[in-house]
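There are 2 protein chains.
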Amino acid sequence: MGGKNLSNISIAVVRRLPKYHRYLKDLLDKEVYRISSKELGKLIGFTASQIRQDLNCFGGFGQQGYGYNVEELYKEISRILGLNKNYNIIIIGAGNLGQAIANYTGFGKLGFELLALFDIDPRLIGMKIKGIPVLNMDKLDEFISEHGVDIAIVCAPKDFAQEITDKLNKKNVRGIWNFAPADLNVAEGIIVENVNLSESLLTLSYLLNEKELLSG
Amino acid sequence: MGGKNLSNISIAVVRRLPKYHRYLKDLLDKEVYRISSKELGKLIGFTASQIRQDLNCFGGFGQQGYGYNVEELYKEISRILGLNKNYNIIIIGAGNLGQAIANYTGFGKLGFELLALFDIDPRLIGMKIKGIPVLNMDKLDEFISEHGVDIAIVCAPKDFAQEITDKLNKKNVRGIWNFAPADLNVAEGIIVENVNLSESLLTLSYLLNEKELLSG
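Protein sequences, first through last, are from chains A and B.
Everything in the first sequence is counted per the numbering used here, starting at 929 for the first residue and increasing by one.
Everything in the second sequence is counted per the numbering used here, starting at 929 for the first residue and increasing by one.
What the hints contain is simulated information worked out from the structure, not anything from laboratory work.
Be aware that one or more of the hints could be misleading.
Because identical chains cannot be distinguished in the list, a pair is counted as satisfied if it fits within a single copy or across any two copies.
[To be verified] Here are the simulated SDA-like pairs of lysine to any residue, each with C-alpha atoms no more than 25 Å apart in a straight line:
1) K1037 x E959
2) K958 x E999
3) K953 x E1041
4) K958 x P1050
Because the structure is a prediction, the values reported are computed rather than measured.
Work out the full structure, taking the sequences as your base and the hints as a guide.
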């Protein structure tokens, strides 16, 4: 299977994969080893045909009438998501949000190893969060050169986000997970994934008013 | 314009509206009052035709050759996003993530008024975050009845998320902004917007490996 038929994955399918990954892990934890697209769909809230269509992108795992092999599917989706590798990560901005991410243990289990946090606030520099040090921002360049960093998580205020990105652009960072409400200009080859909380909240406020709006 | 032609907005368009909203606000702050779809597209990173198509969903604001009236468009998108109203919000879970959200001043400006945070941890109960109290979780029911809450922000660990939702299901909460990595079962009429950070990070790790994967 590995790597076949992978040329046409849309970003919409990619964004559904982590959800499959999570549900398949839950099934394995419950010792469920085989599941039909119908049952899986009911669990996740997708239609069975959506599921068959999504999973067919990766060469198809189900056997007609037998359902999916949960373990095999979980492993293959893990591989597609790049979870067969380890990633060195750092967090830039050690305020509440940066600390919240540092405290979340789930990422470590998936292979994302947090090496350090960085900040400019002297009250934060020198702290340890789950044993991980908060370093002075002026050590960033040196640290990246020395340790190698795959993913930088930007948890800094909007006004500092591009300045930080300019620093990252000059180093061998491969990806930026950006929580600042700003669209970053990155060097070629660096991939940015934005988590824009305001956009999510505004989507919710839209949905709260949708009925009224559409009938208006 | 208000409310016309609004029956066919896809969720994909809705999710782009907050971005328009943010860029139009920036333009107004810079005293730019008129912009072409081409210029706006260049700014946001969408094609001009994408922009025309999106904004046509709401009845169309541009005049051929004159571009868009930034202020009018900003106001109309604000209205569509429900930002002409105010929302009472609470945060359930006053750990780092809950505090990060409470500390973010941007939401208040958009009309989301934080009334209280709730937690079960005695070390957090009684604290104030930007003047907003952290209350004991056992006061939740009473508080909602007394003050009215439009949106509850769930920042609790996964294992508590459904239990909290069950409480909210019995009250007149209209929306849940859910940060727990769990799909919540809500009562009819309650709208959930999920922010699943793991899904976002896994999308990034996919994208970091996409080239290799597709050429494999």
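Structure-based check of all given hints:
For the identical chains of this complex, K1037 and E959 are intra-copy neighbours only, at 19 Å inside a copy versus 48 Å across copies, given an alpha-carbon limit of 25 Å. Within a single copy, K958 and E999 get their C-alpha atoms as close as 12 Å, which meets the 25 Å cut-off; across copies the closest is 55 Å, which misses it. For the homomeric pair K953 and E1041, the shortest alpha-carbon distance inside one copy (20 Å) is at most 25 Å, but the shortest distance between copies (38 Å) is not. For a Cα distance limit of 25 Å, the shortest separation of K958 from P1050 qualifies neither inside one copy, at 47 Å, nor across copies, at 34 Å.
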